[in-house]
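**Student:** The primary structure of each chain is shown beneath.
There are 2 protein chains.
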Amino acid sequence: MKTKKFAIILSGSGVFDGAEIHESTLTMLSIAKAGGTYQCFAPDKEQAHVINHLTGEEMPEKRNVLIEAARIARGNIKPLSEFSLDDFDMIVFPGGFGVAKNFCSFAFEGPDCEVDQEVETVVKSAVEKGLPIGALCISPVLMARILPAVDVTIGEDQETAEAISTMGGSHYITDHGEVIIDEKYKLVTTPCYMLDATIQQIAEGTDNIVKELIYLSENP
Amino acid sequence: MKTKKFAIILSGSGVFDGAEIHESTLTMLSIAKAGGTYQCFAPDKEQAHVINHLTGEEMPEKRNVLIEAARIARGNIKPLSEFSLDDFDMIVFPGGFGVAKNFCSFAFEGPDCEVDQEVETVVKSAVEKGLPIGALCISPVLMARILPAVDVTIGEDQETAEAISTMGGSHYITDHGEVIIDEKYKLVTTPCYMLDATIQQIAEGTDNIVKELIYLSENP
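Residue numbers (our numbering), protein chains in the order written: chain A, 15 to 234; chain B, 15 to 234.
These are calculated hints, taken from the structure and not from any lab test.
This one's a predicted model, so the numbers in the text were calculated from it and none came from an experiment.
Among the hints, erroneous ones may be present.
Treat identical chains as interchangeable: a pair holds within one or across any two.
Said to hold, decoys possible - Capping the alpha-carbon separation at 27 Å, the derived lysine-lysine pairs in DSS-like fashion look like this:
1. K92 to K76
2. K198 to K76
3. K198 to K138
4. K198 to K143
5. K19 to K92
6. K92 to K138
7. K76 to K47
8. K76 to K59
Sequences and hints are given; from them, build the entire structure.
**Tutor:** What follows is the structure, given as C-alpha cells:
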C-alpha cells in the first residue's frame, strides 16, 4: 500500500476562536498510527476575533490564523494558498470554533453565513477530483454550506442540526466515535467535542475518521 | 484501585514560548487511557515573550501564561496559586520552551537560571510529601535546578546534558519513549521532542511516564 498523504486544514489554535487543539493533535496521531503522513495548512488571514480561553470573553487583540495554527503544527505549516490537490490523497478539517468563525461566519450569522473563498475553493475542487474529506466536530456545518444536500453528523445538538437542514443538508444523530459517510461527496464526519466528550472519545473519533478516509481513498 | 488524580502544570500554549501542545494533549490522553483524572494548572503571570511559530521570530506582544494555557485545557484550568498537594496523587510537567522561559530562565541564562517562586514551591513541597513527579522534554532542566543531585534524561542533546551536570544533576542518555527514574525524588523523565521525534513516539513517552507515575504512587 502506498503511504497515504493527508492535508490537515487548521483554523487557528484554541477551541473558542481557532482549531480545537485535542482534535487537531489526535488527528495527527491517528494518521501516524495508520502509517500515513500529514502536512498542515491554514489561511493567512486575520482571526474573526480573539477569545480569552480562561474567561470566554473577547480580548482587544488581533491574531493571524496561520501564525496561531503554527503553534499546533510546531512551525511545520504552509499557507492554504500553497495547497495543491496533486500532493495529497485526502483532507481533514479538525473542529473548533475557528471553523465557524474564520472559515465561515456560521458562529455569527447561522445558516446564511458566508464562506472564506480560499477554503471554499479547496473543498469544491477536492470533491470534484474525488479526494475524500474528513470533517470533525463543527466542521460539517462548513461542508453543509458549501456542498448541496450533504449527509453529515455533528452529534445531537438540535439547533446546529436544524441549521444544517436549513442549508439543505441531512443531519444524522450519532454517539461518540461514530461516523457518517456521504458516499457521493466522499465526506466523513464525526461529532468529537460537539458532544460532551472525554479526550479518549476524541481519539476514537479521529481513529475512525482516518480509517474511513483511507478506505474511501482505496475504493474509489 | 483508587482513581489516580494527576495535576498537569502548563507553561503556556506552543512549543517555542509555552507548553508543547502535543506533549500536553498526549499526557491527558495517556492519563485518561490509564483510568486517571487530571486538572490543569498554570501560573498567572506574563510570558517571557511571544514567538511567531511560523517564523521563529519574537512578536511585539504580551501574553499571559494561564490565559494561553487555557487553550490547551479548553478553559478547564486553575491558577497555580490554587494548587493543593492534598488534592492530587502526582504531578506532570509537559515540555516546551515555556518551561525554560516562563518557569525558569534556563533558555536565556543556562545553568545559572532563576526559577519561578511558585513553581519551585510546588516541586519542593511535592517531593517533601512523596508525590511522584513526571517531567517531559526540557522540563528535567527545571528539576535539576530545583532538586540537588537529581538523575534525569533529556535524550541525548550534549549541551543540555552538560548544563544538567553543571547544576549538580546526572544525565542519562535515552532513546524515544525511554524513561529515567530517580527513586529518591520519585521523579520520572523522558525526552519526547528533545529528540527528533514523531508524534507516535511522543504518545509512547507519555504512556510510559503515566505508567511509571502510577507504579510509584502505589509503591511508596
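**Student:** Next step is simple, just say for each hint if it's right about the structure.
**Tutor:** Each hint, compared with the structure:
1. K92 to K76: Both: 20 Å inside a copy, 25 Å across copies.
2. K198 to K76: neither (39 Å within a copy, 48 Å between copies)
3. K198 to K138: So K198 and K138 pass the 27 Å test inside one copy only (13 Å; across, 60 Å).
4. K198 to K143: within (12 Å within a copy, 60 Å between copies)
5. K19 to K92: within (15 Å within a copy, 39 Å between copies)
6. K92 to K138: within (20 Å within a copy, 43 Å between copies)
7. K76 to K47: neither (36 Å within a copy, 37 Å between copies)
8. K76 to K59: both (10 Å within a copy, 21 Å between copies)
When held up to the earlier numbered hints, the structure conflicts with 2 and 7 and fits the remainder.
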